[in-house]
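K.L.:
Mind docking these for me? Both chains are given alone in their own frames, and the hints should help you get the complex.
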Amino acid sequence: MRLMSLRLALTTAALMGLAHANAAESPVTIPSYVEETTSAGIDSIYAGEWEYMVGGGVATFDCNADGFADMLLAGGENPSKFYRNKSKRGEALHFELQTSGLELDRMTGAYPLDVDSDGITDLVLLRVGENVVMRGLGDCKFERANESWGFEGGDGWSTSLAATWEKGSTWPTIAIGNYIDRKEETSPWGSCTDNWLHRPAQVVGAPQLMFAKPWPLKPSFCPLSMLFTDWNRSGTPSLRISNDREYYEGGQEQLWHVDPGKEPTLFTEKEGWRPLRIWGMGIAAYDLDFDGYQEYFLTSMADNKLQTLAAAPKDAPAQATFKDVAFAKGVTAHRPYQGDDLRPSTAWHTQFEDVNNDGLVDLFVAKGNVAKMPDFANKDPNNLLLQTVEGKFQEAGGKAGVASIATSRGAALADFNLDGLLDLVVINRWETAQLWRNTTANAGHWIEVKLQQPAPNRDAIGGWIEVKRGEKVMRREITVGGGHASGQNGWWHFGLGDATEAELRVVWPNGSSGDWQKLAGNAFYILEPGKPATAWTAK
Amino acid sequence: MKTTRRTLAMAVVALLSWGALLGVPVAQAGALQPQDVLQRWYKLALELVRHTATYSPPVASRSFAYIGVTVFEAVATGPSQLQTLAGQLHGLKDVPQREAGKTYDEAVMIQAAMAFATQNFFDHTGPTGQRAMATLETKLRDEVTAGVAPDVAIRSEEYGRAVAEHILAWSKDDGGAVVTNMGFPEDEYKLIPGPAHWVPTNLIAVQQKPLLPNWGNNRTFIMPASNSCPLAPPPEYSEDKSSVFYKEALEVYDAKQKLTPEQRAIARFWSDDPMLSMTPPGHWISIATQIMARDKLDLDKSVEVLARMGVVLADSFIGCWQAKFQYDLVRPITYIKRIIDPKWEPLLNTPPFPEYPSGHSTQSGAAATVMTSLFGENFSFEDYTGSPDGLKPRTFASFWAAADDAGISRLYGGIHFRSAIERGLEQGRCIAAYTNALRTRK
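So the sequence lines, in the order shown, correspond to chains B and G. According to my numbering, the stretch in the first sequence is residues 1 to 539, in order. According to my numbering, the stretch in the second sequence is residues 1 to 442, in order.
Please note that the accuracy of each hint is not assured.
[Said to hold, decoys possible] With a Cα cut of at most 20 Å, we get these calculated EDC-like pairs of lysine to aspartate or glutamate:
id, chain 1, residue 1, chain 2, residue 2
1, B, 270, G, 345
2, G, 139, B, 181
3, G, 139, B, 185
4, B, 323, G, 345
5, G, 343, B, 324
6, G, 139, B, 184
7, B, 218, G, 389
8, G, 258, B, 269
9, B, 379, G, 186
10, G, 343, B, 269
11, G, 392, B, 249
Derived by calculation from the structure, the hints in this document are not laboratory data.
Same shape as in the complex, but just chain G (with noise of 0.2 Å):
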């Protein structure tokens, strides 16, 4: 097996166009090399995250996973250092093998896994996102495939789709493939009565019932089940003032008076609302490829990257779910409206489900332990993701410094009690173990 790329992709690549959208300074473009091919993708996928109604937190973090899956298993059949996932994740069969002998061209065969990839994990978008994945595959096919040998071109090209058909075959039955009226139960949910309980907590007729109840029961990627880091139940409910439950709630309201101009920038910078943002498993995702463009790794680093974030993601917001609704907590806002005070409002829009744990923390404790595992301690990064929108760029010393920065910005925003942080980031640390543990090189 023979691996060529053309004279041209000799030369330097620069920084890449993901980089270059948040305003990391980019050097002179060189060729598409296959992490450009890459980074293309990924900045679509992030943004048809946002565009794409049905694509809430749960939902976006299960596509990364196999978009990342996807392109790691492609790369590591190749003369690659990387061990495949096939047997360590659940119900990963051996992928397509490379023929014997033959030559394939890595960016070609990463551009026609990602092109089918990407459509086939987010087929519900509308017509702008079907007609931009229509574009960016037609140009990047002219672009990669621009002096390679035909037949080169052919068999790289169909290999690369035969890998991206297998994963999206093995992902057809992890429970998570159908996701119906925006993820939210038509009829046959029913509240738990209770005061302790989740209500709903706006007036937008699709949100009376929580997000995707049933998420939980999805098969998870690599940690033994959903259950399988669980949670202390959180403080008691109770209304007395001197209860914990209370004091947590009073933490919360009085955070929102007091809130200074740096706690509201930290709450706006992690709000990652779905269909307003690339979402919170978008979030780090957007945090892994600006890492990838700065540092300039290498495929085999870049793909590991994206196949540990995607499944530590998803397992996450498995893990999560199952104990948001096997807790079923009410929010900040029902609690502090009906016991502290009718008129007060939150910063930021309460999500539709449970509160307990926060699952911007469990995923973000998830995602820091991965990348600290990949990158290091005390690996300092500036975030660009919130710069579309205005946000200015946070700077972290660590990942866990900006878990811990995400897991806060929802008691500021008013959305969640201490205890949903605070274990939310210990499960997230727990379930990344998993990831961790699985053997990505050879």
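For reference, chain B alone in the conformation it holds in the complex (with noise of 0.2 Å):
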């Protein structure tokens, strides 16, 4: 496997006609989206005033065992509204409004997360007021599973979800963030209610089947995002917090440590970490450097983050020492980046995936003005942000036509419709979400997998996959958080460039590390531990 060569890649573009990002820099693949939108049936709107000024989430995931990824859409001060998918592979959009009894209202995001291990896949849903716990029942039906399980929704603004699997564990743990106290409303500033930690009920003699009362984890300082995740590859991923700096005091950026059986401490200035006070508003994570550490991109208002570890070791354990390379690498997507409003930017959920499967991951980034705030643009056009050769990214939100200046909020790239290229929805504050269809026509190879492994957390969370690329290896951790009140269940992809097969293996959350495996690209695959992988195709 290896990738575009950059000569390919320029005889390939001159010959086809191919629109590239700016003649001066390195050449990429420009996708094109379309916007289906009212064809797909997607009507829903993230309604409400200031309680729901952040928020606005989507949750994609298979409830019904097709393969195909259905959706929630928060709707704030509305209920919720699921969709479900009944696109044709390779085919227009379609999705169908269903009752599913996921249509809450009072939601600002949601999680998928199969709790119990099922095979079926629940949900975690974020409201202002009591969160709920949905049981996947099948055939994209849930039912509220709050006492069932043991799980205290409590009554405040939550705003932001990771979950894991601690080790030793039959039952997952979930961090809940929650905003400031909504009853203040002369001087909410510096009153940012508790985060809570679900761990497993301990029960003597008994199995793991129920939360146990949430743990507080103070101080907190109003999360916007939050995501479980093995920075340090040490094996137990620690709970990366991004803090909203307008409303706490003495606060800033956060990373837990989790330890399985043990209270969550922070992480000290001993142990290398850095105070960082942003607008913390979403974390994306991927490692782009291949050194095996992910880098961390975390939106706020003007400036965006892109964090890598200041020293990353070999033979060593990691410092919790971050430099910021956003500007170095192009990413700091501070202001729009076309039309007339150039007042700085608003950026809300992000997400690494290659939207031109040419083997480097790319960014989304969802904008949108919080309300009315006369300092930042109002017309936010949404970041596509394509990375080169080099490592660094191109602007190419207006060319690939995703450049909506709606307010938007959460969002999700995923594959809709089972092509191999990554789809897009998009929440949107006070306007209705929007659907855009990958229609890319030269795009580079892919390959999707699922993880499945016996219960407990049958869909791997914790575990890494990786894909060798030449003398490189991709790597993916998989998670559940992350994004902005967005969560995904479903296929991981990775772009393979003009390779036609990939070289895959999986680490499991136990640390075991499965066979490489030579794949043919531009397929599905389930991925099992001990097992050869099996090829999935849809019916």
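P.N.:
Here is the structure:
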């Protein structure tokens, strides 16, 4: 396998008359997106005033085992809407509004998670008010499970979630981030409410089938995104929290030790942690420089951050010191890149994915004013930043056709029609959500995989998928969390460039590594521990 | 003209909400007095400074000036001993007068004036700030009008608003009313080449050009012109180890290497970063409001303090910014990394504009001079400004002790050379002389 060479890319582009981002920079294939919101049947608005100025998430997941990603769109003060994916492979997108049991109001976001490891996706619904866990019943039906699973939904303003399976646990641990005290009217600043860590209940002699009373993660600083991530490849994920400095006092970004059987503790300056204070709104993670450690993109207002380890040791524990390389990589995305409104941007959901299948992950950022903030852009187009072979990024949102200036919040890049190209859904405040189909004609090859392991943790959260690309290894961590109030469970996608097959392996959550397997590209596979990959075909 | 308050309002007024927030001892609360209204709105204004992205220190100082003058003028037309500032402050014409023989309620009037002024001088704040202002206005209005005759309440509100509208109209053409891109030039500004000159000190894209390069062209309030308090040039730029410039840089470098816990605390206490604090001018307004609450100042004295402090802080930033862009001096972080130690990092975030003089020093020297004029030498106080962020209060024997503390904090923080601090403090003293010359009493 090898990455599409520069020469080949240039030749191909010249022959095909392709658009390139900038002739002076390395050429990248500009993806092509076609908006199909109306024709696909999507009509959902994230509505509400002050209590819904943040949030506005979407969850994508397959709830009827047909391989196609269905989705739940948060409605804010309105009931959320569930759409069943009726698309056909490679064709235009098509969804049907259906009753699923998930249609709760006051919802800010949602994350799919197979809580009980029965192979059917469940969901955690974040709300202004009581959070609710919904048990999947199959065929896209869900029922409330707070009582049966001992989940205390509380009465907060919940805005973020991350989940993991701690070592030795048969039940997940869920962290939920809570925003300000919404009852504070004249001085809400400094009123950040406690985040909660819902760990498995420990009942002697009984299996873990319930959540314990949530543990308050003090101090809490109004997070808008959180992610369990094995940032130092220790085998135990830590909890990265991105906090909104608008509301905390004495706060900063946070990284928590969450070690099995122990109380969570914050990483300290002695461990290398350095204070960073931003309007933290979203987290995306990916190993961009192939050093085995992930980079973290943090959305904010004006400049966004791309953090990388200040030192990435090969044979020693990494210090928790990060440096910002957003400027150097061209991903500050601090102001609109087109149009006449050049005030600073406001960024929310973010996600690394390879939208043109060239073997280099790209970066999507949803943009939108909080609400009539005159110092920030109102016409703030979403970003689609394409990675070049040099590891820098070029803006292509406009050329790709996804530069919506609606007031965007949550989003998901997902292959809704199983054609190997990642489509896009974006949730907008006060305006209908938007859906785009990726129609890129000259994209590279791809592979999509699902992980399945015996219960618990059927979806292998905390595992890693590795794909060799010449001398380099692309790695992605399997996580639940991050983005902005938006979660996904489904196929994991890799672009392969001009390679027609992929050499791939899985590092399972228990640390064991599967064998490297050569798999034909442009195909779907189910990966299970100790077994050869199983090709999957849509029925 | 008459002034009345509800019978209930004669009850003892305790230390106010701002003092309570900061940990100042609070006695039993009583009815809402005009000073309570001031405190409640100023508490919110200090929050809005922190939570409105455009409110860098110069911009914040401007808002405090106009709000302070608003309440001063509104009170000055009543049964006070105050002398209007119209005709003294540049461009301020006679403010609307009260109707002769009519009764006004001072708390209702101030509530209306503060509501209008705050909503307009912080109109760029976000939805939470807007909501907080609207909620506070409703709550305070209900409180101050309870028991007040409807005609008196309406008249008082209309008058307070009329004064505030007059001040707002006056503010429009001062050069600082419109701030875009959070104060950073978008394309037209060109950096001055040469090692002595300022260059960006971080990798934040919007901060690759300096903050508010034209702020020194704004209309001053009482200082004759922005350059009325000129500074001697900074030490001549040099990379020679025997030069004054190098030695001052080495002092900053060495200070960081040997910081004591006390010096670190001083640096943090006065850090006052925009968007993470109430900023340096907000810090001094906070000191003023704490003293107002602690000492239960009467209404005349309260608005006199707020007006004088607002004016001097605003003039300080205009004067300081004029000098900053006249000299356009390189920051310690740039020089030290280039000449002394490429791995050196200061304790504090380096502000994104030229070094000389130190803005915090200029405005602290100015504020201390005005406060000393108002309250006297050796006036001791505790400053609880940083308490909500977990900073321990500091006690000062005088206002100038606080100003000196603020000044040297910038050296400990690694963001200013000594000359910028010492001459900044002196520049502040000079600027304050104009404010102190204001006639505020009949």
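K.L.:
Which constraints among the numbered hints does this structure fail? Numbers only, ascending.
P.N.:
Violated hints: none; all satisfied.
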